[in-house]
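Colleague: With the sequences and hints as input, model every part of the structure.
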Amino acid sequence: LENPALDALASYQLVDFLKRSNARVKLRSQDGELTDADVPIIVSVTSEADKATGSVYPLGRTMQSLNLAFRRDSDLDTSQRKLFRRAEGHVEQLISHRAWIEDGEIKLEAIEDRWNDTPFWIVRVSKDISANHGDVANPRFRSLIKRLYFENEVFDPEATTVIFADVQPDGGNVGVSR
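Position one of the sequence shown corresponds to residue -16 (our numbering), numbered consecutively onward.
Rather than coming from a laboratory, the hints here were simulated on the basis of the structure. Beta carbons are placed, not taken as given, at the ideal position from N, Cα and C, and that holds for glycine. Check before you lean on any hint, since a few could be wrong.
Here are the computed lysine-lysine pairs in the DSBU-like style, where the Cα-Cα straight-line distance is at most 30 Å [what the hints assert, rightly or not]:
#	residue 1	residue 2
1	Lys34	Lys129
2	Lys2	Lys65
3	Lys110	Lys90
4	Lys9	Lys129
5	Lys110	Lys129
6	Lys129	Lys90
7	Lys110	Lys9
8	Lys9	Lys34
9	Lys2	Lys90
10	Lys90	Lys34
11	Lys90	Lys9
12	Lys9	Lys65
13	Lys110	Lys65
Computed beta-carbon distance windows for the label pairs [unchecked claim]:
#	residue 1	residue 2	range
14	Asp100	Arg130	19 to 25 Å
15	Leu49	Glu92	35 to 41 Å
16	Leu49	Ile94	29 to 35 Å
Modeller: Following this line, the structure appears as structure tokens:
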């Protein structure tokens, strides 16, 4: 997802579900062996300089939220109203990775001790990578997307990709194959 206008409340709910269910990606070889794959299921990339999702989006959502009721959310120490009004890539607690340019090279790192430690990566990029909402076709942004794709290309054609989650009442695992 490139500079998506997705409300942070919905993204929070997805991340919270993935955390509570201990969702993780594994590869199952033809002989049945499972191997951990530290890769994302979904990647959402937002520029810190994106005024459309950073400034304009919250104004519109504020008007929508005036007649809605929300409760305080203790996990992120912020209100549901604030999450509803903000786009996911502009809520610090949801961001899992950061990307920037250093010495002409794109750096991509997971945030230490991040709350969002799920396979749903929300990546905040510097304005050097994407200068605004529509600046997603430039060579730096494309390089980041290629890097995300190729660094996470662990899918062996002979293996089955499985997303595991602990969602059964007895704590057992459920695997969803692709």
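Colleague: State for each hint whether it applies.
Modeller: Against the structure, the hints come out as follows:
no., hint, result
1, Lys34 with Lys129, "holds (24 Å)"
2, Lys2 with Lys65, "holds (21 Å)"
3, Lys110 with Lys90, "holds (13 Å)"
4, Lys9 with Lys129, "holds (22 Å)"
5, Lys110 with Lys129, "holds (18 Å)"
6, Lys129 with Lys90, "holds (13 Å)"
7, Lys110 with Lys9, "violated (34 Å)"
8, Lys9 with Lys34, "violated (37 Å)"
9, Lys2 with Lys90, "holds (26 Å)"
10, Lys90 with Lys34, "holds (23 Å)"
11, Lys90 with Lys9, "holds (26 Å)"
12, Lys9 with Lys65, "violated (34 Å)"
13, Lys110 with Lys65, "holds (24 Å)"
14, Asp100 with Arg130: 19 to 25 Å, "holds (21 Å)"
15, Leu49 with Glu92: 35 to 41 Å, "holds (39 Å)"
16, Leu49 with Ile94: 29 to 35 Å, "holds (33 Å)"
Checked against the numbered hints above, the structure violates hints 7, 8, 12; every other hint is satisfied.
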